[in-house]
Amino acid sequence: TDNSAINLGGTVEGGQNVTQNNYNFPEPKQAEATQTVSDLLQDIRRRYPQATDAEILEIVDRGLADMQQNNPEKWRKWVDILSVVFAGGVEAIKIIAPALGIPIEIGKRLYEIYDRNRQQLPKGK
1 TDNSAINLGG TVEGGQNVTQ NNYNFPEPKQ AEATQTVSDL LQDIRRRYPQ
51 ATDAEILEIV DRGLADMQQN NPEKWRKWVD ILSVVFAGGV EAIKIIAPAL
101 GIPIEIGKRL YEIYDRNRQQ LPKGK
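Under my numbering, think of the first position of the sequence shown as 1, with each following residue one higher.
Heads up, a few of these hints could be off.
[As the list claims (entries may be wrong)] List of simulated lysine to aspartate or glutamate pairs, EDC-like, C-alpha gap at most 20 Å:
(1) K77 <-> E105
(2) K123 <-> D43
(3) K94 <-> E105
[Said to hold, decoys possible] Taking CB as the label site, the calculated pair distances span:
(4) K94 <-> R47: 15 to 21 Å
(5) Y48 <-> K123: 34 to 40 Å
(6) N70 <-> E91: 30 to 36 Å
(7) K94 <-> K74: 25 to 31 Å
Note that these hints are calculated values from the structure, not bench results. Cβ coordinates follow ideal geometry from the N, Cα and C atoms, glycine included.
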């Protein structure tokens, strides 16, 4: 098992202070999937800078619902990515939420969105 660290941080705060956050994930795939979700959330934040965390989750939720109807292959890909991110179940949120730059409560809501979508996958897959 590779205990590689993934850097999902590096925010510059006032003056010369730099904060860098490194999170260790047990699986490289989990680090990669977490980075993909982090990129998605950052993209949404750039496109909707005034959106609250709750509104961002609604955007993700609506996007998944639209994908399921209009692009099932892409929807399946995102559900698979979220499956890797949340491989540790609800307990994974304690690691994932800070790595994504979101509060734990928002991480729990993201997990609920994932879980609802996961349950809609065809059985046996």
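Given pair status - D43, K123, alpha carbons within 20 Å: violated, 32 Å
Hinted pair K94 and E105, Cα distance within 20 Å: Judged against 20 Å, a Cα distance of about 10 Å means the pair holds.
Cβ separation of K94 and R47, checked against the hinted range 15 to 21 Å: Distance hint for K94, R47 is violated at roughly 28 Å.
Restraint status (C-alpha distance of K77 to E105 at most 20 Å): violated, 25 Å
Y48 paired with K123, Cβ distance criterion 34 to 40 Å: Given a distance of about 36 Å, which is inside 34 to 40 Å, the answer is holds.
Range hint compliance [Cβ, K94 to K74, 25 to 31 Å]: Holds - the Cβ-Cβ distance for K94 and K74, about 29 Å, lies within 25 to 31 Å.
Consistency of beta-carbon spacing, E91 to N70, with hint 30 to 36 Å: holds, 33 Å
Checked against the numbered hints given earlier, this structure breaks hints 1, 2 and 4; the rest are met.
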